[in-house]
Every structure is written in C-alpha cells, then in structure tokens.
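A.B. asks: Heads up: the sequence lines are chains U and R, in that order.
Per the UniProt record's numbering, the very first residue in the first sequence carries number 1; after that it's consecutive.
Per the UniProt record's numbering, the very first residue in the second sequence carries number 1; after that it's consecutive.
Hints may be right or wrong, so weigh each one.
Under the rule of at most 30 angstroms between Cα atoms (straight-line distance), these lysine-lysine pairs were calculated in the DSS-like manner [as the list claims (entries may be wrong)]: (1) 41/R / 200/U; (2) 221/U / 38/R; (3) 221/U / 210/U.
If we take Cβ atoms under 10 angstroms as the criterion, some of the chain U residues that face chain R in the derived model are [what the hints assert, rightly or not]: (4) 92; (5) 101; (6) 110; (7) 115; (8) 116; (9) 200; (10) 212; (11) 234; (12) 275; (13) 286; (14) 328; (15) 330; (16) 332.
In case anyone wonders, no lab produced these hints; they're calculated from the structure.
Every residue gets a Cβ at the ideal spot worked out from N, C-alpha and C, and that includes glycine.
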Amino acid sequence: MEKFVFFGGKGGVGKTTVSCAYALKCAEAGLDTLVVSTDPAHSTADVFDQAFDDDPSAVDGHEGLWAMEVDPDEEVERHMGEIRQRMNEQVSAAIVNEIDRQIELAHRTPGAYEAALFDRFVRVMRDEASSDASDSASGEGRPASSEARPEGAPRNERAVDAASGDYDRVVFDTSPTGGTLRLLALPEFLEGWIERLVAKRTKSVDLFEKAAVGGREARRKLDEDPLIAHLQGRKERFEFAGRTLREESAFFLVVNPDELSIRETERAVAEMAEQDLGVEGLVVNRVTPAPDDDERGRGATWLRDRVATERERIDEIRSEFDEPVVAEIESRVREVKGDLLAAVADDLAVDVDAASVEA
Amino acid sequence: MTDDGRPLARRIASFREWVEEWLHGLYHGMVEHPSFEKIEKEAEDVEDTFLFACFADAFGIPSPVSYYTVELLPYLAEEFEAWERRMWDRGSWLERKGQQYHVH
C-alpha cells in the first residue's frame, strides 16, 4: 500500500469517519500514521473528541496515531508575511508601500485559498513523510513541530521519530470532490505555466545580455537571475507533487448507496482518470442495516424497503464501476467515535499492509 | 609646458589615442548605440510581457498563479512599480512604442 492514502467523495458521505477509521486501523497495525484533514469544515476533532491544529499532534488514547487540520488561512498569512519580510530586506520602504497593494491583492484572490491549501499539502507530503526533507525552494522553513504532544504520550520514543517527519502512512481526509479534484490537477497546470514564465524571463535576460555591447555591464544576467532560480524551485516542487500523487498515493472514494452520490462518484472517477490518477477502490458508507426476519412493525417494513433499494444501488455500484468495493459500512445509530470507530475500522477491508513497517 | 618639448613619438601616440577614442565614439554612435538600445528595448518589452503574465491581476484579470508569482516581487519590486506606472499611463506607453520603431 502506498504511503499517502486519500479519501474523497461527495460532501456528507462520511469521508472523515472512513479516513479516521482507516488511520486507526493503520495505527493499530503498528504503522505511525498521520491523519490530515484538508476540508475547510474540519471534523476530525469531533471524531476523536480532541482539538487539533495546523501542526500534527498525537491522538489521545491511540498509539502511533497523529492528526492535524490544515488551515489555509494560516498558510495564506504566513505566505504573505514571508514575502513582506523579504521585501523589507531587499527593497526601499517607498517601493514596498507602492507594491503592498499587489501583495494584498494576490493573497485575496479566490485562487489564493486553493494555492495555499495545495502548498500545505505538498509541505505535508514532503516534510511529514520523508526524513530527508530538504527545503531548497523559496526558503520556507517547516514550522516547529508541535510541542503540544502530551508528556506521557504513548510510544513517546517513536513520537520523536514522527516529529522529524517519518510517518509510515499519511491519510488525507479531503474536501468534497470538486475542490480536491481541482487541487490534484494543479501540479500539471502550474508546471506548464511556470515553464512558460521561465522561457519568457530567459529570453528577456538573454536580450539584456546581448544589449550589453562594448564592455557595458548587462542589466541582468542569466546565471545570477534570482527569478529564474526561484521559479525553478517552484517548478521542482510542483513536479514533486505530481510525481508523488501519481506514484506514491492511493485514492479511495467514499460513496453512499444513493443515486446522487453514485453519479458524482462516476464523474470523479472519470476526472481522476484524466489526471492519470487511478482510484484504488470504493468504500460504500451509510448502508442501512436490515431488520431481523421476525420483525414485522411499520419501522421494520420501512427498513426492509430501504434495504432493498440500497441493495440495488450497491449491486449497481459493483457492476458499473471497474473499481472494487473495498468495504460496506453500516450506518450507526450514534455518531461514529470512540469504540464505534474501531468497529468501523474492522468493517474496512482496505489493505493496511503492515509489511512496510520499518524495523 | 608646450608640446614642443615632448619627443615626437609621445606626440604621435597621444594623437593616435585621440583618434581611436573618436573613432570608437563614432562607431558607438552610429552602430553600437542604436543596436544596443534597440535590443535593450526589446528586452524591456519581453520583460513587460513577463510581468504581465505574472501580475495580470493588477489589471483586473484574475490570475490563478498570482499567489505564486507575488513571491517574485522582492526581486523585481522596482521593475514592477515602473511597469505598473507605464501600463496605467497609456500615453507614455504609446510614446515608448513609437520611439522604438522610429527609423534611425
């Protein structure tokens, strides 16, 4: 099983529950696991009854399990602050004031939120999951990893390990289908864009060099142009993201046994195929439990009807999709948390593959 | 204090220096200067397009990458400021284009 596992799907199908259950299953199999929620409406905190923030923190009561909730607003602020600071170091105050409007503008555009989320995504994949995390691009430092880890947290000696970014598995609880798909499509799009920018810049710098005849100093030089260097760094990061998504990630879609959810999943599968991202399997969630045969009340009749309809839908899912159904999870009466989460985890026939555990 | 006191060779050498400087000046004025000016203007134009590609949103055209390109501002703050002024001021922009295409 790949290092990065993504759970996606329509809003409200239970992605958070499924991803948390899966993460728990991984942790119980002995893998150091990190759950990353990228949905702006975070609900991991509700599942584990514990508050999380932008840095990974250990989940109480579960060994080898960490969680974090990505906050794009924080990332946007951080990004803006970083640029302002570099501006102040390099440019006179008068110019900074002139340009501040542009900085502000760039961070308020609708795309900024997405870009920030994507950046954070990449940073998680790069830093939290590889011990050789190098930070060549744009000099952004990894935020100090959380000191919030409780003192007597279980498996503390491994926690140190994990803080240095050595999780065995990172589970992404993504935002509803549309947003995530756009996010996953970004690397390719941005790579192309940056390539064109680099070409343009190279051409102008080259011309500046050519214009410097008769021993004049060129106004700009190719091999010391900080812009090209910066853009290359960015491009490398996008390439890394694209590569990781294609080669080291597995995608699962959570689907409910109803028409709308199935249609949306069909579209998602098709779009992901276009991005060259294969969907590993489908998790059918919120399946209504059947009443016992001797139950005859109105409720039981209603349930029986409902179960029959859902059965049809599930059969439809099984026959129409090429992707295997890896789990059918029954609806629970109570919210899925605590012990129930473990029960849901047992329902998940998703491969955990403990073989990849080192040591 | 007069040249007469100097040996002939020195006088010829200084004359040659003077001629060389003038010739170079003439060459520079007739050939080098117009060409480097032209190439440099072309370079500036390409840079303008580059800036536009980076910061189209400064002119109300939404750009999905401005979040990333704004990272470049610390390196090209001055160019950006000048460029923005040029672009908003269409008069001077046209004049600039005119300058560039006039025949030397």
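A.B. asks: Against each hint, give a clear statement of whether it holds in the structure.
C.D. replies: Tested hints:
Between the alpha carbons of residue 41/R and residue 200/U the distance comes to roughly 15 angstroms, so the proposed pair stays at or under 30 angstroms and holds. Under the criterion of a C-alpha separation no larger than 30 angstroms, the hint pairing residue 221/U with residue 38/R is consistent with the structure, at around 18 angstroms. Proximity of residue 221/U to residue 210/U is assessed by CA-CA distance (about 10 angstroms); at most 30 angstroms being required, the pair is judged to hold. Hint on residue 92/U holds. Least Cβ distance to chain R is approximately 8 angstroms, under the 10 angstroms limit.
Proximity of residue 101/U to chain R holds as hinted, the smallest CB-CB distance being about 8 angstroms (cut-off 10 angstroms). Annotation: interface hint on residue 110/U holds; nearest CB of chain R at approximately 7 angstroms, less than 10 angstroms. For residue 115/U, the shortest C-beta to C-beta distance to chain R is roughly 4 angstroms, which falls under 10 angstroms, so the interface hint holds. Among the interface hints, the one on residue 116/U holds; its C-beta lies about 7 angstroms from the nearest C-beta in chain R, closer than the 10 angstroms criterion.
Given the 10 angstroms rule on beta carbons, the hint for residue 200/U holds: about 4 angstroms separates it from the nearest Cβ of chain R. Interface hint at residue 212/U: satisfied, since its Cβ lies 7 angstroms from the closest Cβ of chain R, which is below the 10 angstroms cut-off. Annotation: residue 234/U was flagged as interfacial toward chain R, and the flag holds, the nearest CB pair being 6 angstroms apart, inside 10 angstroms. For residue 275/U, the interface hint is violated, since its Cβ never comes within 10 angstroms of a Cβ in chain R; the closest pair sits about 17 angstroms apart.
Taken as an interface hint, residue 286/U does not check out: its beta carbon lies about 35 angstroms from the nearest beta carbon of chain R, beyond 10 angstroms. Checking residue 328/U against chain R: minimum C-beta separation of about 39 angstroms lies over 10 angstroms; hint violated. At about 42 angstroms, the closest approach between the beta carbon of residue 330/U and any beta carbon in chain R exceeds 10 angstroms, and the interface hint on this residue is violated. A distance limit of 10 angstroms between C-beta atoms decides the matter here; for residue 332/U the minimum to chain R is near 41 angstroms, and the interface restraint is violated.
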